[in-house]
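Chains as they are written, first to last, in my numbering: chain A, 1 to 324; chain B, 1 to 307; chain C, 1 to 378.
In case anyone wonders, no lab produced these hints; they're calculated from the structure.
Note that the Cβ used here is the ideal one computed from N, Cα and C, for glycine as well.
Be aware that one or more of the hints could be misleading.
Stated by the list, open to error - If you want a taste of the chain C side facing chain B, the calculated C-beta under 8 Å gives, among others:
(1) A38
(2) G180
(3) E185
(4) V186
(5) Y187
(6) K189
(7) A197
(8) A221
(9) P248
(10) G251
(11) Q326
(12) G330
(13) N331
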Amino acid sequence: MLTRENTVNLVLALLLLVAPLAANAFGQPFYVTLATRIAILALAALGLNLALGLGGLVSFGHAAFFGIGGYAAGILSSHALSYEPMIFGLPGTVQMPVIWIVAVIASGLVALAIGAISLRTSGVYFIMITLAFAQMVYYFAISWPAYGGEDGLSIMVRNQFPGANTMKPLSFFLVCYLVLLAGIGLFALIRASRFGAALQAARQNETRVATVGIHPYRIRLTGFVISAMITALAGALYADLNRFVSPSMLSWHMSGELIVLIILGGTGRLFGPLAGAALYVAFEFALGGLTERWQFFLGLILLGVVLFARGGLLGLLAGKAKHG
Amino acid sequence: MTIALALEQLLNGIQLGVMLFLMAAGLTLIFGVMGLINLAHGSLYMVGAFACASVAAWTGSFWLGLIASLACAAAAGAIVELAVIRRLYDRDHLDQVLATFALILVFSEGTRWLFGDFPLYLDIPPLLQGIVNLPGDASYPVYRLAIIAVGALIALGLYLLIGKTRLGMRIRAGESDREMIGALGVDIRTLYTLVFALGSALAGLAGALVGALQSVQVGMGEPVLILAFVVIVIGGIGSIKGALYGALLVGVTDTLGRFLLPQLLALFVDPSQAGMIGGAMASMLIYVVMAVILAVKPRGLFPPAHA
Amino acid sequence: MKTMLAAATMALSLGASGLAMAEPLKIGMITTLSGGGAGLGVDTRDGFMLAIKQSGNKDITVVTEDDAQKPELAVQIADKMIQSDNVDVLTGIVWSNLLMAVVPGAVAQGKFYVSTNAAPAALAGQGCNKLYFNAAYQNDNLHEAMGEYANKTNKKMFILAPNYPAGKDSLTGFKRYYKGELAGEVYTKVGQTDYAAEIAQMRASGADGIFVFLPGGMGIAFMKQFAQSGVKIPVMGPGFSFSQDVLPAIGDAALGAKASGQWAPDFDTDVSKKFTADFQKEYNRLPSIYAVQAYDAAQLIVSAAGKASVKDADAFRNELLKADIQSPRGNFKFNTNQHPIQDIYLTEVVKKDGVLTNKTVEKIFTDHGDAYAKDCKI
């Protein structure tokens, strides 16, 4: 059904595809890289949006999952390239699909542990405890000497995806774009499903949900874990984009940025994360090239968005969210 | 390990705790009364330090600098409250997080724009320099003891303010039921500005006091901010008593952890490895403690008695 | 008269070499210009641009961007500079972790990188590359120098550094040369501001000397607290702990501290005096070691550009290797791993004309290379 929001969504999706194609045709590969960055950050924020937008769980620690995904890519790749086996004698790998599976499983397990404890709290306490767990992972990564510590880990050659030459910016972009679309599709599916309905209901009225016989805790935990897995997948892609992973992917600044992306685009909206990521990367790029005081102006712009553009970019373009 | 060393470390932990209390008290007041998460609190800490350093350099007096830090931080807080924060009370926490996160960027780069790229000089006043001798052959810097004293005084002052004055009564009432006191004729808007300015002044004071001990540079407030949040969560958001106990707990745990963990590990592994691993574990320790406390008491140690 | 002649000749030759072969050269500078670490990036940029300006070479352009001390931003900016701005040489990164993020990709795309500061061991040994040059040092050097110095004056050292790769390298480098006893080896948290606990340990340790590597704000905090604590053990550290950009903030607490460095503002050579005077005139402050390193990096690039085209990588590389420059540091040449071989001096913090600065005391190492050159297979 072609509602205003759907139209905007379609336009955004097409723009994100067409712009890098055009840039590539005009011999400007850097803009392809920029578009890839947008796609990956959009996926990361999409994951968070599942927990935050649908579930109302303001996680200030999602950078932990982003980083776990990144380190999965880095660690597996470095072991493969150096021919040293990891623990249990398992070899590394440079195949992206395998890396993605590892990233998703690892982050899912960690999210299960973190979520199990954190979801016993609510409101601001939940925000702080997710932050605390992310900080723990961050300090752990900094002091773990085997994988570079604070210096981080370089991925010398970008990992491989069957059927594509990932070293070419456009090919890698298309891989990321398709994964993003898949993620958006998954989000839409979840939102429309019974599980999604329960998750959103738990956000709106916990008691009522419980009286109907659904455990809010279990629903939220499931939502939290799935959201972590999506963000981790984005992290693995991000590590491959930069050919580098470091603890800065785990910092609370990153968690804050993910939240910023969602709010900029419009919380809970299907294409909110994409809009937010596009806006943020564009600002950072444009302002960074203009002045060394760019963070000051970025702050002012963000402030303006919060105060005057409630509902983010999609709120501006597509009007209030339709429920149901 | 001697008595002197243990005593010194304990005092260090208390001093860190006191500094965290100054930050946490303001933060918990603002959240308790106004329901606002203020990520920019660390920036006000920085403003206080910069104000103190500049005025102290200009006038040659640390004490004038200290007064300046209180005034500037309170003023900055009031201005921010009037211009930005006021519009956020009705919003959800998410918008508050974003807006105050944006304020951090503005404050940090704005400070760098005003004061330049290099750290500023701020030193302890001559009156408070030197050390005192303690029992057990220990010695401790006078200035740190002074900080502990200031913290204790502020704690007492806040207790009296909140418990025994009309303003305190309104603050407590505001924590319980915001709308009701508005309906009862209390000027909420001024109350909020006052509370925000008070919290900011405390942060600025902490920044100035600590700036003399450490370094005055852009971004100095951020690590402290995170710790302050940990403190108020452990203590119970909205509770000054919780902030005090939480701060002392965090301060002492962190200091003793940094000191004891590497030594403990040195019994099992070689010193250089023990140092590295111990250091890492010590960094994570505070967060582990917080997670454990929240797992057992999800609303902190001393949550205020209302919803 | 003699100094004026020398200076004039040098300026002429710099100018002349710049004008001789007018091949356009684009340099991309990525450095930290915002946030708490901006002081180092600003010094880097200023030192670099001073040399470029003095060269008079109109065919060299420099694009500068701020990395905000974030590795992902540095990578993004590097990609942009290489793919969009078509730079030929990259430079400017202050921090080792950002360098590790950028250099492998840059050299893989065929671009030169001349480092103005960061010099991790990974790129000095096995990871070395024909296109990667380091104009500063190798990260371990200044720590090794202090270790060597401590052998003469101390029997029981307490050493401390932050718990991150550069910090661990620091203590490893120190221990590589120091042969005495260690009263303590402590790793603090990166960005830690309160050293009360560690100072108490130092007091109790019975050490006769303390070696600290604490760059930036960490060093400022430590020195102030140490001075207040009443502990009377002499403090020493690598040059970074007492560099010109942080000395004013530490204040008198730094007086007497011993450090190691390739250069100090009081060097007596004509080249150094002219550089210091020019820097002060242009920027109204004393240069730090970061400014000198950047100045030399720029000089290296300018000198190579004057004799070969950067499009001919081998020729350009050969010219860079010749290190045909007049460095304020004095002797400067490249090792087999394209890191410097230079002299390292002992300095002491003193107050000159009311300004805190480093005074040269004696030479510790002559023509010092690094421990990783043997692993480099260029």
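Cross-check of the supplied hints:
| no. | hint | in the structure |
| --- | --- | --- |
| 1 | A38 | holds (4 Å) |
| 2 | G180 | violated (15 Å) |
| 3 | E185 | holds (5 Å) |
| 4 | V186 | holds (6 Å) |
| 5 | Y187 | holds (4 Å) |
| 6 | K189 | holds (5 Å) |
| 7 | A197 | holds (5 Å) |
| 8 | A221 | holds (4 Å) |
| 9 | P248 | holds (5 Å) |
| 10 | G251 | holds (5 Å) |
| 11 | Q326 | violated (28 Å) |
| 12 | G330 | violated (27 Å) |
| 13 | N331 | violated (30 Å) |
In the structure shown, a violation is registered for the earlier hints numbered 2, 11, 12, 13, in ascending order.
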